[in-house]
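Sequences are here, hints too, so could you generate the full structure?
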Amino acid sequence: RAFIFDGTNVHVSGSNLTVDGAASTIVLGASGQARTEISDSTISIYDGQGTSRRRVYIDHDGRAAFGGPIGADVSTTSTDDVVRIMPGGGVAIYEDASNYASMSAAGMKLYQGGNNVATFAATSVIGSSTDKVTISDSGITIRENNSDQITMASNVITVGSSTDKVTINGTSGITIRENNNDSIALTDGTITVGITGNNEYVNIDGDGVKIYGGSANDYAFMDANSLDIYSKGAVSASFGTTTTIGPVSLE
1 RAFIFDGTNV HVSGSNLTVD GAASTIVLGA SGQARTEISD STISIYDGQG
51 TSRRRVYIDH DGRAAFGGPI GADVSTTSTD DVVRIMPGGG VAIYEDASNY
101 ASMSAAGMKL YQGGNNVATF AATSVIGSST DKVTISDSGI TIRENNSDQI
151 TMASNVITVG SSTDKVTING TSGITIRENN NDSIALTDGT ITVGITGNNE
201 YVNIDGDGVK IYGGSANDYA FMDANSLDIY SKGAVSASFG TTTTIGPVSL
251 E
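Okay, so the sequence shown: first residue is 1 according to the working numbering, each after it adds one.
Bear in mind the hints are in silico, worked out from the structure with no lab data behind them.
Please read all numbers here as calculations on a predicted model, not as lab measurements.
Please note that the accuracy of each hint is not assured.
[Said to hold, decoys possible] In silico DSBU-like links for lysine-lysine, alpha-carbon gap of 30 Å or less: (1) Lys210 to Lys232; (2) Lys132 to Lys109; (3) Lys165 to Lys210; (4) Lys165 to Lys132.
And the structure:
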């Protein structure tokens, strides 16, 4: 083999290596075949299919593209069957312009049908804007039909909407809210059923059971010894070993 200089280009006889001084390019391979082309600003690698196509492209800004569809050259703007590296912008893996994954310092985003269906970052989101799961260092939220239905944060689990929900608190207990009223509460061994604000509720604790009918001073109290009826804060009847109807002193 010999080096041949024609005043502009250098060729290696019997090979497909060409150095083009005027164009500042190096070509390894023959035109129309699998080859590598290096210029002063880009690097391109072509495949060897019937019509040779560029499969690797690196430009002077450091942007790179790998792959591409069967019938086209790949570029740093290709969106079909390509992996793109964009300095300062991250890495993207494309099936097509509507279905791809994008990774950057902001996290990773997945797109399907042009919609952002998942984001993995400091705050991760799986799903659409109206139906999704959101996970962050402050908790987990499950949203359905554009309403937050389940939240888990700070040792508290909430299931339901603001007016109808179950709240499980690792410190204060369990509350069931219906029609914007706390209807059932379980706290420190005490069960409350009804609306305490209206004094219409049942209270069950270690001492016994109290049933309130609308006043804090009018209620029935039952324990292991008797059933006592209170009126205006005083016992008006007691049913036990001894039954008494009328004002009773419990001293």
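Structure-based check of all given hints:
1. Lys210 to Lys232: Between Lys210 and Lys232 the Cα gap is close to 15 Å, so the pair holds against 30 Å.
2. Lys132 to Lys109: holds (14 Å)
3. Lys165 to Lys210: The hint holds at about 25 Å.
4. Lys165 to Lys132: Holds, at about 19 Å.
Checked against the numbered hints given earlier, this structure breaks none of them.
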